[in-house]
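So the protein sequences, as listed, match chains A and B.
When we follow the working numbering, the leftmost residue of the first sequence carries the number 374, and every step to the right adds one.
When we follow the working numbering, the leftmost residue of the second sequence carries the number 925, and every step to the right adds one.
In short, the hints are calculated from the structure, not lab data.
A few of these clues could be false.
[What the hints assert, rightly or not] Straight-line alpha carbon distances no greater than 27 Å define the calculated DSS-like cross-link-like pairs of lysine-lysine that follow:
1) B:Lys1088 x B:Lys1014
2) A:Lys432 x B:Lys1103
3) A:Lys383 x B:Lys991
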Amino acid sequence: MGLIQREIEKAGIPTAGISIVRRFTEETKAPRAVFLKWPMGHPLGEPGRGKQQITVLKKALETLETIKEPGTIIDLPYRWRRYEDMS
Amino acid sequence: MNRGELDPGFATNLPHTLGMEQSMALKDRILAKIFTAFPSLVRRAAEKIPPLKIGGIPWAPFTKGLKGSRVAIVTTAGVHLKSQKPFNMKDPNGDATFRVIPKDTKKEDFIITHDYYDHRDADIDINIVFPIDRLRELADEGFIGAVAENHYGFMGHIDGPHLKTLLNDTAPDAAKRLKEDGVDCVLLTPG
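My request is simple: use the sequences and hints to build the entire structure.
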């Protein structure tokens, strides 16, 4: 995802990513991202939970206005509650 | 066996009683299920992938403000329309092509082709990987200016020779289309 993000940014369009594997986002040097320690397949949370999805979406888009340092990843404080074994 | 002892590599040793291709598909499905049930393993598996060496960070300053911006989504979750050609799941190096997703696509016209993560929840609600309805709500409330006409769907599992295709051809092509669409900023979502 980060590689595609970089190509879009190179073309002159600002980008913001939602990361769920922090290492990949760090290594691909994505310009702006929020990180959530949530399971694969759930970058915006759970099905049918619109409020949760809107919250993540807003936080991700806001980085366009708030991140000034290229490569910044903002760790969002939301914990995944569905799986007790989520580390 | 304790959950903590589960080796994500074990599925590679599945007996090949099925055809090679079916066995690979089965392996991927099993891995996807395991990774969803034991999310910490995703991180452990990710640690085994050799690091990418990339220099520099591209930067396009954002000056327009969200309220005045036309926003597009680019996802690597394997999202596309049922009427479009599915991503190629038989190639172990993935598929570097993309699909154009019009903003007014109906819920029932979406499908996800991606064997490398468990998308059963996203099949129920596409918004958890491709938040198109939420983006529309943000446009309605004035948080963003507008939803772009077209969005772009990739399949995130890309490796080997296809990485070159992605970096030299398909990703720049999608970027060029986004420019032509008059998009001001892009949200990227993984699978």
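Here is how each hint holds up against the structure:
For the hint pairing B:Lys1088 with B:Lys1014, the CA-to-CA distance comes to about 19 Å; that is within 27 Å, so the pair holds. With a CA separation close to 24 Å, the supplied pair A:Lys432 and B:Lys1103 stays within the 27 Å bound. Straight-line distance between C-alpha atoms of A:Lys383 and B:Lys991 comes to about 23 Å, which keeps the hinted pair within the 27 Å bound.
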